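Letter by letter, the chains look like this.
4 protein chains.
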Amino acid sequence: MQLGMIGLGKMGHQLSLNLLDKDHQVVAHDINEDALMAIAKQGADTAASIAELVSKLSKPRTIWIMVSVGDATENVFTALLDHVEPGDRIIDGGNAYYKESISRGERSKEKGIYFFDCGTSGGIEGARNGACTMIGGDQEQFEELRPLFHDLTVENGYLHTGPVGSGHFLKMVHNGIEYGMMQAIAEGFDILDKSPFDYEYEKVANVWNHGSVIRSWLMELTESAFQKDPSLDQIKGIMHSSGEGKWTVETALDYEMAAPVITLALLMRYRSQEQDTFTGKVVAALRNEFGGHAVEKN
Amino acid sequence: MQLGMIGLGKMGHQLSLNLLDKDHQVVAHDINEDALMAIAKQGADTAASIAELVSKLSKPRTIWIMVSVGDATENVFTALLDHVEPGDRIIDGGNAYYKESISRGERSKEKGIYFFDCGTSGGIEGARNGACTMIGGDQEQFEELRPLFHDLTVENGYLHTGPVGSGHFLKMVHNGIEYGMMQAIAEGFDILDKSPFDYEYEKVANVWNHGSVIRSWLMELTESAFQKDPSLDQIKGIMHSSGEGKWTVETALDYEMAAPVITLALLMRYRSQEQDTFTGKVVAALRNEFGGHAVEKN
Amino acid sequence: MQLGMIGLGKMGHQLSLNLLDKDHQVVAHDINEDALMAIAKQGADTAASIAELVSKLSKPRTIWIMVSVGDATENVFTALLDHVEPGDRIIDGGNAYYKESISRGERSKEKGIYFFDCGTSGGIEGARNGACTMIGGDQEQFEELRPLFHDLTVENGYLHTGPVGSGHFLKMVHNGIEYGMMQAIAEGFDILDKSPFDYEYEKVANVWNHGSVIRSWLMELTESAFQKDPSLDQIKGIMHSSGEGKWTVETALDYEMAAPVITLALLMRYRSQEQDTFTGKVVAALRNEFGGHAVEKN
Amino acid sequence: MQLGMIGLGKMGHQLSLNLLDKDHQVVAHDINEDALMAIAKQGADTAASIAELVSKLSKPRTIWIMVSVGDATENVFTALLDHVEPGDRIIDGGNAYYKESISRGERSKEKGIYFFDCGTSGGIEGARNGACTMIGGDQEQFEELRPLFHDLTVENGYLHTGPVGSGHFLKMVHNGIEYGMMQAIAEGFDILDKSPFDYEYEKVANVWNHGSVIRSWLMELTESAFQKDPSLDQIKGIMHSSGEGKWTVETALDYEMAAPVITLALLMRYRSQEQDTFTGKVVAALRNEFGGHAVEKN
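Residue numbers (this note's numbering), protein chains in the order written: chain A, 1 to 298; chain B, 1 to 298; chain C, 1 to 298; chain D, 1 to 298.
Because the hints were derived from the structure by calculation, they are not lab data. If you're wondering where the values come from, they're calculated on a predicted model, not measured in any experiment. Check before you lean on any hint, since a few could be wrong.
Identical chains share a label here; the pair holds if one copy fits it or two copies do between them.
Unchecked claim - 27 Å max Cα-Cα, derived DSSO-like pairs, lysine-lysine:
| id | residue 1 | residue 2 |
| --- | --- | --- |
| 1 | Lys297 | Lys236 |
| 2 | Lys41 | Lys203 |
| 3 | Lys41 | Lys297 |
| 4 | Lys56 | Lys236 |
| 5 | Lys10 | Lys194 |
| 6 | Lys41 | Lys194 |
| 7 | Lys111 | Lys10 |
| 8 | Lys203 | Lys56 |
| 9 | Lys99 | Lys194 |
| 10 | Lys236 | Lys194 |
| 11 | Lys41 | Lys109 |
| 12 | Lys228 | Lys99 |
| 13 | Lys22 | Lys99 |
| 14 | Lys228 | Lys297 |
| 15 | Lys236 | Lys22 |
| 16 | Lys111 | Lys22 |
| 17 | Lys22 | Lys203 |
| 18 | Lys99 | Lys109 |
| 19 | Lys22 | Lys56 |
| 20 | Lys297 | Lys203 |
| 21 | Lys59 | Lys236 |
| 22 | Lys22 | Lys194 |
| 23 | Lys41 | Lys111 |
| 24 | Lys41 | Lys236 |
| 25 | Lys59 | Lys297 |
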């Protein structure tokens with residue numbers, strides 16, 4: 001198939017290579033010229049603007065947006081909507097908030113455009129060699145795109161999830177689960193680290209990946225991380241986050257349901273971003289007030 | 001009444017003063033001679049040893065142990081048990097683990113001694129001017145001690161809670177609740193601190209103490225703490241703990257019940273004791289592994 | 001002073017009585033005629049419509065909105081804004097979301113109206129006999145209203161908190177703290193209930209209210225609740241919530257801060273609203289899958 | 001090799017079959033005669049008593065205990081210790097608490113017996129076809145047993161973890177991680193279940209197992225569970241637990257470290273075991289006290 005790819009960052013570049021490998025024709029655009037040249041060397045056609053990209057594709061066009069969530073996605077989508085024509089398809093492969101995707105689906109529909117929200121998992125390696133995708137959007141049109149998703153993903157690695165919104169929603173929840181699983185694994189190794197025993201963490205992760213109940217790709221990555229830095233001395237334990245975990249928690253709150261493990265996984269990330277907390281100061285001050293317990297001075 | 005007081009630390013000294021104020025006769029012992037002299041100046045009789053203290057009291061004796069929880073309590077109790085005689089009463093006013101108090105109650109009973117486990121709340125100020133006590137032990141003998149508890153506490157500030165163990169158990173749970181309440185208050189002020197508004201925390205605590213649902217002694221202490229240091233700049237947010245919170249959580253676990261707020265209040269204290277965590281390092285390393293997300297280097 | 005009161009529910013009725021007691025002149029409006037008649041009997045003037053209420057007040061008018069949060073507040077505010085005149089003051093005494101209050105402040109300002117967001121705490125009893133209020137809005141105009149807040153509240157029970165929004169924000173956080181404190185207290189009594197001891201909860205709450213660290217109005221209410229129903233046999237443990245706790249948690253998430261105790265207090269409320277959970281089913285099914293552990297059938 | 005197997009429950013039976021497949025010689029004992037007969041049919045020799053089992057093995061003997069944790073393990077171990085001789089090896093393949101295993105290691109050492117604490121993961125299927133084992137105990141003797149562990153486990157599925165205690169400790173933490181991962185997965189599906197979308201959970205789990213970040217054996221089991229019962233209508237969400245999760249949490253508490261995700265995973269299991277909670281009753285009663293909020297009657 002022929003495909004337009006807008007956004008050649010970490011993910012977009014690898015997805016393009018993946019597609020080129022499978023003999024798809026890629027017309028790529030990015031505002032970064034180096035990124036454009038890099039993908040051109042690999043066999044992609046390039047476009048200096050969204051308008052040019054659209055003009056280079058035959059109808060009905062299929063255009064994949066792979067830019068940062070938030071303003072970047074909104075700006076690219078809005079610009080793109082001005083150039084595409086009825087019957088064209090836009091796939092947002094980023095991690096947009098599902099309510100925004102639903103709204104983009106409606107804006108697309110008004111113009112006769114088919115919008116697909118595609119959650120993409122598997123990291124950079126997955127983008128290159130076989131990702132996992134969850135796609136919301138028109139069922140009939142999805143059948144047209146099936147070969148594309150088949151080639152981009154590992155075997156059985158794509159699913160049409162329902163109407164627009166359902167793809168990014170599912171990816172959001174996937175990431176919420178990921179937060180919980182990662183924190184669970186990390187807490188486990190923290191307990192090992194404080195234990196009286198002298199475990200080699202790479203070997204622990206390795207044996208857990210062979211036959212145990214908790215064998216998983218995340219445990220394989222854990223093994224790989226400990227292989228590079230056996231006690232993680234070189235890095236700080238500051239856990240950033242990029243939004244999906246927060247959305248998952250907020251969504252659970254909106255449903256008035258308790259998802260404490262996903263929630264706490266998020267809260268501990270936030271806690272790690274603060275060196276000291278005002279919460280802690282208040283509790284320390286109170287202990288001093290009633291019990292005369294010493295406080296530690298700054 | 002006449003009372004032996006073993007232990008003249010922060011709490012024992014104030015309790016002794018409180019008793020002397022109410023015209024009780026106090027025979028005090030502490031291994032610290034300065035502490036002994038200080039209380040002697042206030043009108044207490046003193047004893048250089050537990051043996052001497054016991055010998056100075058008329059039968060049936062009433063002896064209050066007010067030393068640190070753990071080894072100190074165990075050592076004093078064991079020594080004391082060698083000197084007291086059938087019909088004497090031992091009150092442990094410290095924060096012993098209730099199962100140890102039950103065991104001390106049994107060891108006392110074998111010798112014909114009445115053991116009381118007395119949880120004491122209200123902080124140092126309460127010890128001096130009127131505490132709150134929860135006392136487990138023999139009901140009939142408790143009636144003999146009632147004037148003592150009446151005088152030591154604020155009006156209606158004492159309760160016979162049942163058999164030995166029930167006093168310290170109740171104090172343990174009291175402290176568990178205290179952990180939760182303190183953390184809740186502290187989190188609230190932390191949110192205020194991050195808000196776009198410019199609250200004066202002392203005034204906030206003050207207004208909350210006048211008519212609001214959360215008016216409480218802890219909020220009064222919060223007001224007092226902010227009066228001394230309006231933004232708590234001078235102290236670190238490291239929250240130590242002295243055992244009862246942990247026992248409360250462990251007890252809830254033994255009952256297979258969910259007490260998440262008390263539990264999290266404890267866990268956040270532990271978290272505050274670590275500058276950086278291995279948990280955080282593992283999560284940061286994993287994010288780097290699958291998403292190429294940057295880690296912060298040490 | 002003369003005051004218009006819109007909304008004669010539980011809170012508005014009591015606030016009106018409170019104002020009448022202090023010789024303020026109240027013109028009241030409610031769509032419920034019985035409520036109108038009830039307050040008329042107590043000495044209030046009444047108005048059948050917002051327009052009539054406005055017409056009955058002398059300029060500059062002071063009008064207190066005390067209706068349900070959400071649509072009711074929005075509808076009353078919008079209608080009222082059509083009738084008031086520059087220099088008039090609107091006080092929203094309900095629990096609106098602070099961002100909506102900020103927006104109402106801006107809409108008021110465009111018309112030359114002074115808007116105050118007033119968080120009101122202390123429950124129904126407080127509304128009647130002396131509440132606690134936290135008020136955001138114009139400082140100078142607030143001075144004009146000071147006698148009103150003085151009379152409505154307990155001594156020192158009101159605070160001008162800053163610009164519009166700061167009043168409801170502070171009330172929101174107050175309620176977040178309240179959630180945490182209540183859950184902490186409740187978990188404590190739950191542990192007592194599972195203990196081997198046989199505590200009388202009313203007496204426990206009573207002694208804790210006399211000299212202990214956790215003495216508080218909430219503990220007084222706990223005492224009162226146990227006085228009416230010693231083991232709470234007659235009620236279900238379903239914990240509803242009315243929004244402020246959720247807003248507090250969402251606000252903390254927006255600040256990327258960890259407020260785990262307030263958060264868990266909210267999540268346990270949500271958990272209590274479900275008889276059985278899908279989460280539980282999935283875990284039970286998984287345990288069966290890998291360990292052959294029996295599941296309980298529906 | 002020749003091996004004695006004590007305990008032919010779900011796990012012991014499958015492990016025996018697994019060993020017989022690999023041409024090991026198994027002498028089995030269980031107090032349940034049906035279990036004995038069943039394994040005899042598969043080619044194992046049997047023993048009616050521990051004494052007989054010991055007498056049937058050539059020295060140095062290797063005996064695997066695979067009975068329930070707690071009293072059963074203690075009783076079997078104690079009986080066995082009376083019959084074995086210096087140089088013999090005892091492997092406890094159950095999930096004993098690591099401190100008890102350390103103690104059994106010491107008791108064994110006094111008699112010249114080599115004790116190994118072997119954590120076994122992988123469920124029943126793993127026991128049959130290839131488990132994952134983590135073994136603490138004497139390094140040199142472990143080399144003698146290596147062929148056994150090699151054959152019992154999947155490739156690379158065994159690890160000598162250090163001294164006695166380190167095997168069961170590692171398995172304990174493995175299970176703690178498992179609790180967290182399972183709860184994270186389950187919360188995710190619960191959010192899906194409350195969403196406006198209409199996901200087929202088996203397909204969701206399937207796609208997540210192909211290329212996503214959260215692909216894992218637990219997700220494969222999730223897929224399998226939904227294949228059998230698409231909406232888990234037939235089972236209740238009551239989550240039992242068998243001890244390791246609790247030990248993990250208690251161990252983290254002893255290290256004064258925050259492991260909130262593993263902890264909450266455990267607490268939600270406990271919560272699921274109660275239909276209604278006293279905690280909930282207290283909070284509901286308090287809301288009624290101060291706000292007049294309706295309670296739901298029993």
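### Which numbered hints fail
Numbers 2, 3, 4, 5, 6, 7, 8, 11, 12, 13, 15, 16, 21, 22, 23, 24, 25 - these are the hints that the structure violates, sorted from lowest upward.
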